[in-house]
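Enquirer: This is what each chain is made of:
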Amino acid sequence: MRVQVQEENFDPSAELEHFGRGKDTGAVVSFTGIVRNNSEGTLRRMEIEHYPEMTKTALHQIADQAQTRWALNDVLVIHRYGRLTPGARIMMVATASRHRVDAFQAAEFLMDYLKSRAPFWKKEITDQGADWVAARDEDEDALNRW
Amino acid sequence: MRVQVQEENFDPSAELEHFGRGKDTGAVVSFTGIVRNNSEGTLRRMEIEHYPEMTKTALHQIADQAQTRWALNDVLVIHRYGRLTPGARIMMVATASRHRVDAFQAAEFLMDYLKSRAPFWKKEITDQGADWVAARDEDEDALNRW
Amino acid sequence: MDVLYFAWVRERIGLPREKVETDAGTVSELVEELRAREERYAAAFADLSALRVALDQELADFDAPLANVREVAFFPPMTGG
Amino acid sequence: MDVLYFAWVRERIGLPREKVETDAGTVSELVEELRAREERYAAAFADLSALRVALDQELADFDAPLANVREVAFFPPMTGG
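For the record, the sequence lines run as chains A, B, C and D. The C-terminal residue of the first sequence carries number 146 in the working numbering, and the numbering is unbroken. The C-terminal residue of the second sequence carries number 146 in the working numbering, and the numbering is unbroken. The C-terminal residue of the third sequence carries number 81 in the working numbering, and the numbering is unbroken. The C-terminal residue of the fourth sequence carries number 81 in the working numbering, and the numbering is unbroken.
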């Protein structure tokens with residue numbers, strides 16, 4: 001299991017190169033989150049603030065929970081903070097397991113919890129001004145399925 | 001959308017490098033399937049047979065269905081045939097969308113359909129002999145959720 | 001009509017494809033004709049619930065008509081992915 | 001006790017963290033004390049349903065006791081991922 005919180009960019013390809021390899025891994029699932037421009041194309045940048053003293057602990061707790069609930073051979077969580085321009089990678093998770101169902105479910109679980117339980121806050125700076133991204137009810141609701 | 005059926009290996013990292021990039025993509029999900037050894041470690045190789053005249057059409061139909069059901073910016077399906085040793089990659093799918101739910105669901109849908117509706121058959125050659133892998137009821141049942 | 005066999009169906013029958021002259025109206029009737037040929041066909045088609053069929057590269061049912069079909073393929077349930 | 005503010009809570013109050021001397025028994029009591037200080041605190045804590053709290057880096061409820069807590073953090077619902 002590896003959890004990284006960093007300002008700099010990361011390379012999902014390089015991260016996946018040897019991820020979860022071993023005779024027991026049959027399935028590897030990865031998710032990469034990318035800064036999406038708005039429909040008007042006016043997003044200049046996104047600023048991600050976090051709570052450093054809490055972030056790593058929270059991410060480890062979420063990853064531990066995933067490993068308790070599913071049979072995983074490996075888990076990777078990377079989350080960035082700071083200034084990101086449209087098209088930049090924000091974060092990724094990867095899961096490795098014997099069968100596909102565990103890897104898929106664990107990856108979705110990790111994403112749902114990262115969205116609403118990891119101490120990150122996004123601010124969008126557009127041509128019109130700056131706004132904190134509001135939490136969405138559907139993201140909170142997504143936790144109920146687990 | 002890209003569908004590839006091939007004997008040679010592929011590089012998931014290279015495939016994902018520019019996959020689905022564009023101002024509208026916020027989520028990229030990938031699945032990679034790997035030849036897993038059995039618990040005794042006696043698997044020498046896996047042989048994947050397919051029905052060439054049907055395979056590409058079937059994979060395109062499955063990918064088209066995914067694009068009809070979810071809002072996807074891109075879909076990739078790669079499936080190998082021929083002789084594979086333990087640890088070798090068998091196949092991958094990748095999906096790109098605005099929001100994570102579409103990418104996850106479409107990737108799971110693609111996997112469920114590839115398992116039971118794409119004309120591939122796996123034979124395992126172990127120290128003890130050769131056996132065709134039997135289709136699992138749970139794989140057939142998995143189709144019912146879509 | 002071209003008839004194709006895959007996986008253990010191919011192994012039991014001993015060939016990957018053959019030309020078949022038939023007046024069978026449905027897949028089931030074709031299966032009956034093949035079964036009657038030789039023991040290896042009877043063995044391959046012993047349990048239809050363990051088999052799948054494709055007509056011109058599209059999955060079909062055993063009661064599907066064969067009119068205008070050029071290629072019939074028999075195989076066990078698929079195990080891709 | 002260290003009190004930390006994040007995102008728009010930080011912006012409204014105008015600082016990221018401060019030392020607070022308090023006898024508040026619960027988070028809610030601490031919020032009442034802060035609200036009474038100045039308008040910017042009252043504005044930040046106007047709607048508790050829009051806020052979350054962590055005690056020593058663990059999410060908690062507003063009625064949680066503050067005994068032995070060294071660090072309290074207030075912030076809006078998280079938007080990671």
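Quick caveat, the hints were computed from the structure, so don't treat them as lab data. Incorrect hints may have been included.
The calculated DSSO-like cross-link candidates involving lysine-lysine, where the alpha carbons are at most 27 angstroms apart (straight line), are [stated by the list, open to error]:
hint, chain 1, residue 1, chain 2, residue 2
1, B, K56, B, K123
2, A, K123, A, K56
3, B, K56, C, K19
4, D, K19, A, K56
Footprint (simulated), chain A over chain D, 3 or more residues, beta carbon under 8 angstroms [to be verified]:
hint, stretch
5, 23–36
6, 41–48
Calculated Cβ distances over 12 angstroms to all of chain A for the following chain B residues [claimed, not checked]:
hint, residue
7, D11
8, S30
9, E49
10, G129
From the three backbone atoms N, C-alpha and C, an ideal C-beta is built for every residue, glycine too.
Enquirer: Has the given pair, A:K123 with A:K56, been kept, meaning a C-alpha gap of at most 27 angstroms?
Expert: With a Cα-Cα distance of about 21 angstroms, the restraint between A:K123 and A:K56 holds, given a limit of 27 angstroms.
Enquirer: Just to make sure I understand the rule, a stretch counts as covered if three or more of its residues have a C-beta closer than 8 angstroms to a C-beta of the chain. Does the stretch 23–36 of chain D meet that for chain A?
Expert: Answer violated; 0 residues pass the 8 angstroms Cβ test.
Enquirer: Non-interface claim for B:E49: all C-beta distances to chain A beyond 12 angstroms?
Expert: About 19 angstroms separates B:E49 from the closest Cβ of chain A, which puts it past 12 angstroms; holds.
Enquirer: Holds or violated: is the Cβ of B:S30 farther than 12 angstroms from all Cβ atoms of chain A?
Expert: violated (5 angstroms)
Enquirer: Take a quick look at B:G129 and tell me if its Cβ sits farther than 12 angstroms from every Cβ on chain A, holds or violated.
Expert: About 20 angstroms separates B:G129 from the closest Cβ of chain A, which puts it past 12 angstroms; holds.
Enquirer: Is B:K56 within 27 angstroms of C:K19, Cα to Cα?
Expert: holds (24 angstroms)
Enquirer: Given as covered by chain A, does the stretch 41–48 of chain D meet the bar of three residues or more with CB within less than 8 angstroms?
Expert: violated (count 0)
Enquirer: Is the hinted pair D:K19 and A:K56 satisfied, with a Cα-Cα distance of at most 27 angstroms?
Expert: holds (24 angstroms)
Enquirer: Are B:K56 and B:K123 close enough, with their CA atoms no more than 27 angstroms apart?
Expert: Holds. B:K56 to B:K123 sits at ~21 angstroms (cutoff 27 angstroms).
Enquirer: Taking 12 angstroms as the cut and beta carbons as the points, is B:D11 off the interface with chain A?
Expert: violated (8 angstroms)
Of the numbered hints given earlier, the model fails hints 5, 6, 7, 8; all others are met.
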